[in-house]
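Novice: Fit chain to chain and form the complex, with the hints in mind.
Chains A and B, in that order, give the protein sequences. Using the working numbering, you'd call the opening residue of the first sequence number -12 and step up by one each time. Using the working numbering, you'd call the opening residue of the second sequence number 265 and step up by one each time.
Fair warning: there could be bad hints in the mix.
Unchecked claim - Computed list of lysine to aspartate or glutamate pairs in EDC-like fashion (alpha-carbon distance at most 16 Å, straight line):
no.: 1; chain 1: A; residue 1: Lys237; chain 2: B; residue 2: Asp596
no.: 2; chain 1: A; residue 1: Lys239; chain 2: B; residue 2: Asp596
no.: 3; chain 1: B; residue 1: Lys483; chain 2: B; residue 2: Asp290
no.: 4; chain 1: A; residue 1: Lys237; chain 2: B; residue 2: Glu602
no.: 5; chain 1: A; residue 1: Lys237; chain 2: B; residue 2: Glu599
no.: 6; chain 1: B; residue 1: Lys403; chain 2: B; residue 2: Asp431
no.: 7; chain 1: A; residue 1: Lys78; chain 2: A; residue 2: Glu310
no.: 8; chain 1: B; residue 1: Lys563; chain 2: B; residue 2: Asp289
no.: 9; chain 1: B; residue 1: Lys412; chain 2: B; residue 2: Glu366
no.: 10; chain 1: B; residue 1: Lys403; chain 2: B; residue 2: Glu389
no.: 11; chain 1: A; residue 1: Lys216; chain 2: B; residue 2: Asp643
no.: 12; chain 1: B; residue 1: Lys760; chain 2: B; residue 2: Asp443
no.: 13; chain 1: B; residue 1: Lys483; chain 2: B; residue 2: Asp289
no.: 14; chain 1: B; residue 1: Lys649; chain 2: B; residue 2: Glu666
no.: 15; chain 1: B; residue 1: Lys357; chain 2: B; residue 2: Asp431
Stated by the list, open to error - Which residues of chain A face chain B? A partial, calculated answer using Cβ under 7 Å:
no.: 16; residue: Thr215
no.: 17; residue: Tyr219
no.: 18; residue: Ser227
no.: 19; residue: Tyr233
no.: 20; residue: Val234
no.: 21; residue: Gly235
In short, the hints are calculated from the structure, not lab data. In this text the structure is predicted, and so the values were computed from the model without any measurement. Think of the CB as a built atom: it goes at the ideal place given N, C-alpha and C, for glycine as much as any other residue.
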Amino acid sequence: MNNSLSKVPLFHITRRKELPWYRAWLIRVIAVIMGLILCGIITMFLVKINPLDVYKTMLSGAFGTSRRIWVTAQNMAILLGISLALAPAFKMRFWNLGGDGQTLMGVLGATTPMILLGGKVPNIILILIMLVCAVVAGAIWALIPAAFKARWNTNETLFTLMMNYVAIQLVSFFVVVWENPKGASKIGIINQDTMAGWLPQIGNNQYLLNILIVLVLTVAIYIYMRYTKHGYEISVVGESEPTARYVGIKVKRVILRTMLLSGAICGLVGFLLVSGTSHTMTTTIVNGRGFTGVMVAWLAKFNPIFMILTSLLLVFLSRGASEISTIYGLNDSFGSILAGILLFFIIGCEFFLNYQIALKKTRKEVKIDA
Amino acid sequence: MDHKSPILELQHITKRFGDKVVANDDVSLNVYKGEILALLGENGSGKTTLMNMLSGIYFPDEGEIYVNGNLVSIRDPKDAFNLGIGMIHQHFKLVDVLTAAENIILGLKEKGGLNVKAAAERITEICQKYGFEVDPYQKIYEMSVSQKQTVEIVKVLYRGADLLILDEPTAVLTPQETDKLFAVLRNMKADGKSIIIITHKLHEVLDISDRVAILRKGKYICDYETKNVTAQELTDAMVGHAVTLNIDRPEPVDPKERIRIKDLTIRSIDGVVRLNHVSFTACSGEILGIAGIAGNGQKELLEAIAGLQPVETGSIAYVNDDGSEEELIGKDPLEIAEMGVSLSFVPEDRLGMGLVGSMDLSENMMLRSFRQGKGIFTDRKSPHKLAERVVEELEVNTPSVETPVRKLSGGNVQKVLVGREISSAPTVLLTAYAVRGLDINSSYTIYDLINRQKKAGVAVIYVGEDLDVLLELSDKILVLCGGEVSGIIDGRTATKNEVGLMMTKIGGGEADE
Chain A
-12 MNNSLSKVPL
-2 FHITRRKELP
8 WYRAWLIRVI
18 AVIMGLILCG
28 IITMFLVKIN
38 PLDVYKTMLS
48 GAFGTSRRIW
58 VTAQNMAILL
68 GISLALAPAF
78 KMRFWNLGGD
88 GQTLMGVLGA
98 TTPMILLGGK
108 VPNIILILIM
118 LVCAVVAGAI
128 WALIPAAFKA
138 RWNTNETLFT
148 LMMNYVAIQL
158 VSFFVVVWEN
168 PKGASKIGII
178 NQDTMAGWLP
188 QIGNNQYLLN
198 ILIVLVLTVA
208 IYIYMRYTKH
218 GYEISVVGES
228 EPTARYVGIK
238 VKRVILRTML
248 LSGAICGLVG
258 FLLVSGTSHT
268 MTTTIVNGRG
278 FTGVMVAWLA
288 KFNPIFMILT
298 SLLLVFLSRG
308 ASEISTIYGL
318 NDSFGSILAG
328 ILLFFIIGCE
338 FFLNYQIALK
348 KTRKEVKIDA
Chain B
265 MDHKSPILEL
275 QHITKRFGDK
285 VVANDDVSLN
295 VYKGEILALL
305 GENGSGKTTL
315 MNMLSGIYFP
325 DEGEIYVNGN
335 LVSIRDPKDA
345 FNLGIGMIHQ
355 HFKLVDVLTA
365 AENIILGLKE
375 KGGLNVKAAA
385 ERITEICQKY
395 GFEVDPYQKI
405 YEMSVSQKQT
415 VEIVKVLYRG
425 ADLLILDEPT
435 AVLTPQETDK
445 LFAVLRNMKA
455 DGKSIIIITH
465 KLHEVLDISD
475 RVAILRKGKY
485 ICDYETKNVT
495 AQELTDAMVG
505 HAVTLNIDRP
515 EPVDPKERIR
525 IKDLTIRSID
535 GVVRLNHVSF
545 TACSGEILGI
555 AGIAGNGQKE
565 LLEAIAGLQP
575 VETGSIAYVN
585 DDGSEEELIG
595 KDPLEIAEMG
605 VSLSFVPEDR
615 LGMGLVGSMD
625 LSENMMLRSF
635 RQGKGIFTDR
645 KSPHKLAERV
655 VEELEVNTPS
665 VETPVRKLSG
675 GNVQKVLVGR
685 EISSAPTVLL
695 TAYAVRGLDI
705 NSSYTIYDLI
715 NRQKKAGVAV
725 IYVGEDLDVL
735 LELSDKILVL
745 CGGEVSGIID
755 GRTATKNEVG
765 LMMTKIGGGE
775 ADE
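For reference, chain B alone in the conformation it holds in the complex (with noise of 0.2 Å):
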């Protein structure tokens, strides 16, 4: 790889937020011709911010900005297109009830008439040449997620960028999917465009990238080659210290069954079938993997065992110690609770759902044993005690537990909220994305702390999207595809690509291609 000419050169680049927060602390970073670099980084380190400085969402408070070789300011969104530099969000802007080339021609202000079936042509042209698959014509709410995400990708090429810069892409998408886009962004790579990716995956940053560079807390640490570099090495430079990268896998002792699940069918409010005629078994001490591309009935799957969410037929049975078992089904949380079932539950929306975002630490914890003790005033003192020694036992970074836990990083945030629903010693543990969007440190102590409960006889049901991790926790892996069950394999013996073909096609099977 010749490295000519830098197409971007970040020079001392420095953003703050307030008087203490450092986001991007003197970072200079170039980034050439027909290269694809991976930015890496832990959760707060700086990665997202500095992307959305190119992209003209923040402004930077110190440093300059070369592109091409000449110094420009990115004031707004134009400014970066106009430069050339397109990003995709980890999280789409796309209008849902316009078509695909609607889309992509929103808020362009091209010459002459709106000319829908110009822009269609040209996109086609675009696809082409790079190995995309559009219909310039389909709804948006029509495509799946990874399609959602090639919208976007076109709409930033369509604009012209020469530079695109990736938010976690490989985020949504199941193993062939990002095996697709990866060949799209080589594609890509071949014409001349530079592609910044961000992830979390250190086996596609060893995959797709030509370059890694590295941030940790704000700084810019260093780069290496991708080729050069192991996935081991690349870990330490990122944490700052040596990291073991294995997840235990602790044999279940005595596994009982704990939850029995039937045929369990489940519409949303607008008549689609979220889940159809779902049946497994979870068991204590063990851990049951939930795989599945995003949205396929994982979160109603978890909310209907928890008495949140309507269920339309089927059976959710709680079985106890002694071979009895109780219908969860048609209660809600307070009377499952109630049942004597300790059912812990860790939501996907941590501080929508699990916490609440303006309170305390210790009103947090007060949202399970609220209503504890007789009469009519709340007790303060317990859910306080249990704060302080969440934030000892975890290592929770707060200034205090007085403070709101909206204020901390995301890992934190769900330390807080694992401890509090682990503290009440569950007989039943459900996690959904439990990881999602933490670092690698506060993983680890999540993954640990679910082995713990394991180990404890918890039966864990572990909802998760990384099928690495899946492959290395899970005792038994559930397939959900299409809100059905595509199958339930050994966690012990399951192959990635095995799990991937499950969770496209039901029972997996032959691959299409």
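Just chain A, with the same shape it has in the complex (with noise of 0.2 Å):
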């Protein structure tokens, strides 16, 4: 009796059924507030600092003043911007890896007429010029790979990765092209004097345009998905190429329309990097963020309501991890230890949504029970 005892397994899981929308978040919380508990036995342990100071410190180098505000709030719609591009072609189930290439191409679009037209257009025009060099370079950039997977069935995955390389390098070879000063290896900050092509401010606020533009962008984005024809049929392909087949959906034109959309979006963030925020161009100016993008759309369920929240606090842990580790002198690594402990916890949160585990009743019990 006791060896058989001591062979039933300890627990199982069990797939849930739906969860109230408040226990849903109860259960975020939770995992949110034992990551903070996790990162906090951490930090007392490996850099003796009292967490509470460390936690104060991340919110203050997140929020702390409201240049930081703004700062975050930049941040934050670059990150939201791309996500939004990636949302659509994430639901389609097209692994879209090249958000940082086609945003690139942005950049690099909206540069090319920024040097070589600066000054010789009224600005309203040369602003718009780049925009469609942008969008129209960032579309190119993820058509091709959807023009392969739509004719040859290629993996898109692996396509779009490898793109991201080649934007790079040519946008490396531009940089060289475009050098100011010569020898510099970068190009500095273009039309300084001119303001040529450079996107008007609202008030005092540098950043306020680009951030409105992100938020009606998310607007019409969760319209799209949500309400159009054109959305439902994404959806549609994406759980099911037979069905959507079967209905007379055009599968081929719903991945080249859709992954036209994703890039040309990228190509407006890109627009809006020159345009709006750093008016230069270099090659770590999307700095992974069409990666990150993936995990805000993947964590949002690529609910673009929802996205702005976890762009909100990918942001938040990026930032306030590098202001620990100016704080404190410590490396870069610790800040970045601390958020992914959090991403962890918020990530893994998810599978208690979806199951629940349930302790093993020894034998003992059930024979009380019965």
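Specialist: Here it is as structure tokens:
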């Protein structure tokens, strides 16, 4: 009896029925708290700093001054913009890992007229030309892998990934072509005196226009994915291609169209980076946000409204992490460790939203029950 | 039959999934040495769950399992093997590129090196003992479904199973193959093996089993000595109330040619001929049953008519009421609909093709109608209304129309799919295995819906696997064999034997045995 008792599995995992929303959020909050506690313990043992101070520093790093809030919001807008571009593609189960490259092509597309036409055409025309070039460049970069996928069913994951490197090389080539001053191997601020091709400021807030544009985009994508025929087709193709064909959806056309959109929005973000933020072009200007954006979109289950929250979370973690490193003189990795732990808990709790773990009753208890 | 010692005793077995679903509720059941026990129950009555606990896939929440009188704990399939329990699943678990012998010894840890030859000898020995026909050196992909099943059974015997569990073994077999299987099962029984067989087909239960145990809604209801029970009694016990087992077959009213297929030839992507010069006509107000062993071109035929399957040669003409014809080949489903041909298709793969599992009922209704209306936005109100109507009229058991369809049971999923397809008032209705996996009540609902379409003048093409149903439901039966038309016969006069022979040999003819 004892022998067979010990052979009973300790627990088993079962799928949950749908959870009410408040319980789902309770699980998420608990996960964050547990993550914070673990971070605290690690902080105390590893670097012997009061964890509460660390959290305070993270908060102040992201939101401490109004300037910091603006920078956080700006970072958020760019990340959210790229995530919005990726969401329709991922919803369609097209693993677009080329967000970096597509945005970078947008950057190149915006920079080219900015340098070549700066001062030669009226500013408003220049900005429009930059916008169009950026959007087209991003779209082309997304269309190439999409066309191959639609025509020859190539693997889009590898294809989009490789396109990133091509984009980096292209940008790096043009950085040398347009380097300023000569020999600097960088472009520097473009049209610093004339501010030609710079997106206008609203009041004193340099980034407000960027943020507003991305907010409008968020609402637009939300409506597009949820209420339009195109959005519905994207969901059907993503869930099941045979079903899509069965109801006469032209799958290839949907793939091409959606990737065109995805790349175009990446291009738009590239334009915002050049025209609205940095006013220069570097190979690292996108800074891996084409990949972070994948996480933002997945965490929010491709719901653009939730993506506002998840992009805020990721930007907060990264800015908080760098603030810790600066203030306490720790190396960069420590902040990243904390951010990583928190993310682990936040992503990990998704498991508990879908499954529950039932501990095994021992046979004895069963007998009492019976 | 003397029931001396139970080889297997289940006592108070309970298995829950989540908080609310009780798949098995306090089931107690004995299996004796040398008997064939049929486990009978509607879908979702917990048969497969119960058997999965015996084969180590699930672990019971409560209750005890005794094998040969000893309390045991079956944590994984290996434990089950060690206890001499072997399960033959509905879906075969074989490696296509390996031979029968290699598949059979796969995963076994025998002393010494890999010795396929010795294994092959033992396999031949087992085969001779029970009357199987297996070539140990034949590759799986060269085998027919029934041969693959034989390999699965031999695999279990090779590992020394004394208790065999077969989950719906006859679903994929012709009547002749079923007879062969049953002969083998009787040999095994004579050798002292115990067999549990899960099946929906009552006549098979009566044919093969010694005892029938009935499950209903996860509970053990009762058991019968097979010789003392009738099909009607079994059905009533299984469903819980009296059911009539007859399917209506109204006379066709004013049949007109609707779909005329000539010399249709289809090749798969890898060049294999799937349909070979198939010609037939389907008429309005008639049910054309299509019989054949699974994978003999049924899927390709329906998909070709629906515009989903590229065709090599031939023609598929849609005949209008005034006699004018329109060619369907080369058109996709959308173009066919735009021609004004109202064609509905209930495909075999319900959640993989007919519906989107993660979408709710009303979003699934939209699949057919989302293009309607001008502008870029979808109309969500009318699909919602349609969903509510289907739920009400077909008595779909669902928490709400906002429930994802994959959370519904098989019968309800099928009602949603059929409900949507017939809501567009089709003139042609294609159905593939419309009642596969459905319980008796749902099956009869579906037969009734199909008959109503027939009465409304729809040309119905019904691909089925249960010959008894095909013979009761169809006006005409077309038998496919190896992608060719083996014959077209009158459903009212055809016999099961005749159809069965035509399924295995073009034109039927004399039996080989």
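Novice: Mind checking the CB of Tyr219 (chain A) against every CB in chain B and telling me if the closest is under 7 Å?
Specialist: 5 Å, holds
Novice: Between Lys412 (chain B) and Glu366 (chain B), is the straight-line Cα distance small enough, at 16 Å or below?
Specialist: Holds. Lys412 (chain B) to Glu366 (chain B) sits at ~13 Å (cutoff 16 Å).
Novice: Between Lys237 (chain A) and Glu602 (chain B), is the straight-line Cα distance small enough, at 16 Å or below?
Specialist: OK: Lys237 (chain A) and Glu602 (chain B) at ~14 Å, within 16 Å.
Novice: Are the Cα positions of Lys403 (chain B) and Asp431 (chain B) separated by 16 Å at most?
Specialist: 24 Å, violated
Novice: Against chain B, with CB atoms and a cut of 7 Å, does the hint on Ser227 (chain A) hold up?
Specialist: 6 Å, holds
Novice: So, Thr215 (chain A) near chain B? Judge it on the closest CB pair being under 7 Å.
Specialist: 5 Å, holds
Novice: Mind checking the CB of Val234 (chain A) against every CB in chain B and telling me if the closest is under 7 Å?
Specialist: Since chain B brings a Cβ to about 5 Å from Val234 (chain A), closer than 7 Å, the hint holds.
Novice: Measure nothing beyond the straight line between the CA atoms of Lys760 (chain B) and Asp443 (chain B); if it is 16 Å or shorter, mark the hint as holding.
Specialist: Roughly 13 Å separates the two Cα atoms, so the pair holds.
Novice: Tell me if the straight-line CA distance from Lys403 (chain B) to Glu389 (chain B) falls inside 16 Å.
Specialist: The hint is violated at about 19 Å.
Novice: When you check the alpha-carbon spacing of Lys649 (chain B) and Glu666 (chain B), does it fall within 16 Å?
Specialist: 12 Å, holds
Novice: Holds or violated: Lys563 (chain B) with Asp289 (chain B), Cα cutoff 16 Å?
Specialist: Roughly 39 Å between the alpha carbons, so the hint for Lys563 (chain B) and Asp289 (chain B) is violated.
Novice: Does Gly235 (chain A) hold up as a contact with chain B if the rule is Cβ-Cβ below 7 Å?
Specialist: 3 Å, holds
Violated hints, listed in ascending order, are 6, 7, 8, 10; each of the other numbered hints is respected by the structure.
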